[in-house]
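J.: So you can see what is in the structure, the chains are spelled out below.
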Amino acid sequence: MNQLKEIQAVSAAYGYTGYKWSTRLALILLLGVVIFFPFFEKSPSHQNFIILVLMAAQLGVAWNIIGGYAGQISLGQVAFYGLGAYTSTLLFTKFGVNPWLAILIGGLLAACISLAIGWSCFRLKGHYFAMATIAVAEIIQIVFTNWEFAGAAVGLNLPMEGGWKFLIFTEKEPYYYLALGLLLLTLAVNYLIEKSYLGFYFRAIKDEPDAAQSLGVNLRLYKQIAFAISSFFTALGGSLYAHKELYIDPSSVLHTGLSIKMALVSILGGVGTLSGPVIGAAVLTLIEESTRMLFGGSGKGTDLIIYAALIVAIAVYYPSGVVGWVRSYLSRRTAMRQMRLEGRGA
Amino acid sequence: MTLLHVEKVSKHFGGICANEDISFDMDAGQIVGLIGPNGAGKTTMFNCIAGYSRPTSGKISLNGIEVSGLRPDQCARVGIGRTFQVARTFHSMSAMENVMVGAVLGSRNVSAAREFGWQLLELVSLAKFADKPAASMTISEQRRLAVARSLAIKPRLLLMDEVMAGLNPSEVKEMVDTVKKIRNQGISCLIVEHVLEGIMPIADKIVVLDYGKKIAEGPPHIISNDPVVISAYLGDE
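Here the protein sequences come in this chain order: A and B.
Numbering of the first sequence is given in the numbering used here, commencing with residue 27 and proceeding in unit increments.
Numbering of the second sequence is given in the numbering used here, commencing with residue 2 and proceeding in unit increments.
Hints may be right or wrong, so weigh each one.
[To be verified] Covered stretches of chain A (in silico footprint by chain B; criterion: 3 or more residues with CB under 8 Å from a CB of chain B, positions within the stretch not fixed): (1) 231 to 238; (2) 242 to 255; (3) 349 to 361.
[As the list claims (entries may be wrong)] DSSO-like mimics (lysine-lysine), calculated; alpha carbons at most 27 Å apart, straight line: (4) B:Lys155 <-> A:Lys221; (5) A:Lys191 <-> A:Lys68; (6) B:Lys155 <-> B:Lys129; (7) A:Lys191 <-> A:Lys120; (8) B:Lys181 <-> B:Lys206; (9) B:Lys174 <-> B:Lys206; (10) B:Lys133 <-> A:Lys46; (11) A:Lys221 <-> B:Lys133; (12) A:Lys221 <-> B:Lys129; (13) A:Lys46 <-> B:Lys129; (14) B:Lys155 <-> B:Lys182.
Source of the hints: derived by calculation from the structure; they are not laboratory data.
C-beta atoms are modelled at their ideal positions from N, C-alpha and C, and glycine is treated no differently.
With the rest of the complex left out, here is chain B (with noise of 0.2 Å):
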């Protein structure tokens, strides 16, 4: 079953065009990476179908609603998650206040929220951290919080915006363990990555950006010997 689906999106700033004519589909429970070199328009693409920034033209929805053009808090409720290249943890917050300020979206019950955020907490492995200020906690943990953060909302596809990125071997592992456990719970991951090591094996499906246009898609196995992926990551000859 279709759960995003991008059709013909292009994103324009001013003469720069960061996306052009992108079409994709996201099956539920399915793991897609999209990658690609530096400035190929991953971000963009992101910021497109959560809402922080309208497409030029094209449509995006979700589980067959349109997207393109609500706002990001609109796109929440609608059931997209993200999270951001830095963090951006509320840094006056604990880690339980941080998760808590995603998890009382629809409730509005506080206890609840309280309740919720330790499952979450459990699942990034930071329920030990509940109290700790979210400003002292490691760049790796800030991001397993904003992870926990974002799933706080309940939403039905996660948009991660390079979340093993700077982090070491160990850490890159503890991550794609935090991927596969979201996955079982049935939400979808749309994960932008350079860590290649890290999102090859887990991904279902693998979208190929390279100077805003959709190159290559497909099963991991079959990208990483594309040669028009491989030449654009490595030059040609």
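This is chain A alone, in the form it adopts within the complex (with noise of 0.2 Å):
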């Protein structure tokens, strides 16, 4: 029993109880370099990147949830970003509900239509699950680009009334401090999903389920959760977008692109942790931001061309994404020093 003790000592010091001093401290500063960045970066354009990884990474988190910690591989996701957007606008310029409550309307209604679309795709495994969401966010895009009172193809334009109260602003830091909250509360949700048991059930379903089944796991009600949960943060990103850019139409917020750069940004970055979709989408961003400078205009679809290297280069070589890379790295340098020690007689 001293032995088990002894056991649970060591798992505790190494093992899942939380993060290390060091992990922790890294964390703090980082935070507070990205929670003062507007004071030291005045440039609108730089200020602008980072709000751009922000709400990349925000969007890779919430595909995570899905994609990454229950396996579900929706391609559709833009779906939900899409209706967000045009829920929160329409509530807001056609109906004149306060921003606030518009976009939380906009992430319930998303979520609900969710759960009707996982209610039928749930029924499809593996691939076919991927292509019927592409499927169902294609139809939702046609449905927009036809529907008159949605604005169509022509899209919407949001007043430019300024304020917290509405949510729109002339200069960038209060959409940076937005951007960064939204993300910082997608973050956090999937914290605590991943030390519930929800997280438990999400991975366990993952990998294998039909042993997560003889362990009492419903199926289809927890990738219904996973779904809508997904769905729900996702459509607040559209909102988000929507306020920032002040004009949506279908092509900008129900783009199919968009759904492959929300899983590629994680998968990228490392599927199924924390920090992976917020690494993936700064390396994503990157990219994409310094294709446009170098190339300009001539040089549309350089980005894509990238992207599908990296896809193949990510396949090939690190099928765990950049977080797991540096795990194993890690993992590797202890096991050696471990080695080492050992052959000292130590």
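Since each chain comes alone in its own frame, lean on the hints to assemble the complex.
T.: In structure tokens:
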């Protein structure tokens, strides 16, 4: 029994009971830098770049809940992004609902619609599920392109009424903090899920659905829960985009490429990890913006070529993404150090 | 007291009859072996009991509650745990996390599940590997992990599908000890097994299937001398 206590103590020191102090310190420092960034960097284009990273990261974290943790590759998340953006914009511009409330309603509506979509699509597995989600997203895009009330192909404008009440601003800083706040909220929810039984259930469903069932996991129920949470936060991201750009149309908020980007951000960083999508978003946005700067209008599509090359490279060399690569490097180093210590007879 | 009651269960796949009119009872606290040549319908019987397939006809009940027709996760809640022919451990998780997936059933409390997880890993002698990823464990360790995981839902009946297949003699002995420990906790075990030297000494009763039909049922020493069973395994003269 004593031996068991000893094993438990060692496990607590290295295991899951939390982050090591050095990691915690690094996280607090990083958070400090991110919070005070707009005070040091006044250039709107640089601020805008970081806003884009934060928004991409938030979408990646949201996608990661259904695609990374629960392992259900949805390539139609843009549908919820668009639904969020359109719902909040329509409620605000046509019915005068306060944006704070309208954005929340947009999120809840997206979550409800995800339940209906999931009810039929979760009958399919693997690639077939992914294909069905693409189809659903295309249908929703076509509906909005032809729906006069929602601006059809012309799109919708948001009024230039400023202030925190309407979440519309002329300067960049407030959007920076909105994007940061939304990312931190999504990460916090993701963290809570990871630490609760839901996280265990999602990962079990991804690894071995049959075995998960034998342990009392209702597959459909928990897939639906993951899908709804993911869709809710994706919709909030869509509403934030609408308020930042003050203009939405089907090709900007319902574009299929955006679904791929949400998935790619977390696959590049590391699926099923908390920090993966954030790292992936930083790398991907950097590639996107720098190719745009380098090649300008003539280089349209260069970022897509690099995307494609990245997908191939990840699939072949690092299927577990940047975070997975760093983890395996660290564990190799620890193992080497242990071997050296044992060699000295310590 | 009868725990598991299987009454005239048949399972057809199209024209193929995998189980036909199989009936047997199992008492609480018993170890029952389900044996038979390849293709006899043992795994199909398991799948019917655990909710993975619905019997074409017949009735299965656990402690008087009818379970035929329930989903696998509902069967798990009623108290039926199972392992699979291949261990099917959750590869991206550590041993402890594997067990915790089962242990959160009911309470939903993660730290209580971890406490219970230590007891279970200790039971199958895997406590020292608690943080080891399941993917890097040996087959024998993964089998024992799968057993610990299925015990985590606090089942009343545990179905074990060929847990001793492919193990060397000392590993078989370890597994036999584990099964005895499980029974001593009051959990009944229904075991499909090809390794007869593993199952014969510990079973209270053996049920023999051949071509989807029950051909014999009784204590191990009688079954091993039953001419019908011998001819099913070795063929007629």
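J.: All the hints need checking, so say for each whether the structure fits it.
T.: Going through the hints against the structure:
no.: 1; hint: 231 to 238; verdict: holds (count 6)
no.: 2; hint: 242 to 255; verdict: holds (count 4)
no.: 3; hint: 349 to 361; verdict: violated (count 0)
no.: 4; hint: B:Lys155 <-> A:Lys221; verdict: 22 Å, holds
no.: 5; hint: A:Lys191 <-> A:Lys68; verdict: 24 Å, holds
no.: 6; hint: B:Lys155 <-> B:Lys129; verdict: 22 Å, holds
no.: 7; hint: A:Lys191 <-> A:Lys120; verdict: 17 Å, holds
no.: 8; hint: B:Lys181 <-> B:Lys206; verdict: 14 Å, holds
no.: 9; hint: B:Lys174 <-> B:Lys206; verdict: 19 Å, holds
no.: 10; hint: B:Lys133 <-> A:Lys46; verdict: 19 Å, holds
no.: 11; hint: A:Lys221 <-> B:Lys133; verdict: 19 Å, holds
no.: 12; hint: A:Lys221 <-> B:Lys129; verdict: 23 Å, holds
no.: 13; hint: A:Lys46 <-> B:Lys129; verdict: 21 Å, holds
no.: 14; hint: B:Lys155 <-> B:Lys182; verdict: 14 Å, holds
Going down the numbered hints, you'll see the structure goes against just number 3.
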